[in-house]
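Under my numbering, residues 734 to 863 are what the sequence shown spells out, in order.
Hints were generated in silico from the structure; no laboratory data involved. Note that beta-carbon positions come from the ideal geometry of N, C-alpha and C, so glycine has one too.
Derived DEER-like restraints, expressed as beta-carbon distance ranges: (1) 777 <-> 829: 40 to 48 Å; (2) 753 <-> 817: 27 to 35 Å; (3) 747 <-> 829: 36 to 44 Å; (4) 810 <-> 846: 34 to 42 Å.
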Amino acid sequence: LCGIVTKCSLVTNCRHFYCTDCMHGIESDGFSTCPLDDTRLDSDDFCKVEGNDALNRSRVRCPNADHGCEYTGYLQEVGEHFRGCRFQPVPCSNCGSTYGYSKFVYHRLRRCKSSLNEAKTTSGTDEQSE
Numbered sequence: 734l735c736g737i738v739t740k741c742s743l744v745t746n747c748r749h750f751y752c753t754d755c756m757h758g759i760e761s762d763g764f765s766t767c768p769l770d771d772t773r774l775d776s777d778d779f780c781k782v783e784g785n786d787a788l789n790r791s792r793v794r795c796p797n798a799d800h801g802c803e804y805t806g807y808l809q810e811v812g813e814h815f816r817g818c819r820f821q822p823v824p825c826s827n828c829g830s831t832y833g834y835s836k837f838v839y840h841r842l843r844r845c846k847s848s849l850n851e852a853k854t855t856s857g858t859d860e861q862s863e
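All chains, full assembly: derive it from the sequences and hints.
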């Protein structure tokens, strides 16, 4: 559900992988079917998986998907992509917002209210001192 793959996951009887947090949410919300395909879930059939080959061959999205990255690939390859991903989150030191690396420069130059206010203040000071 969340798209995050952990070293320890649970596999349902319908062969979907869930992190323990998602599975806990499914159970605590009273769902008795898989949210992905409506297969009836039976907690007795859940299997704990820790770093097996099937998990490594699972297709996953980049952890930076929320910042605009559209990469999907095999779990065993996502680490290499992630190290060079241009959507790595970067916090703005002016306003505290976080943006993907590819959008950060645009934010600082055009959108960041703190940067824009600082630029207006600085230009106003320069005009007064002339």
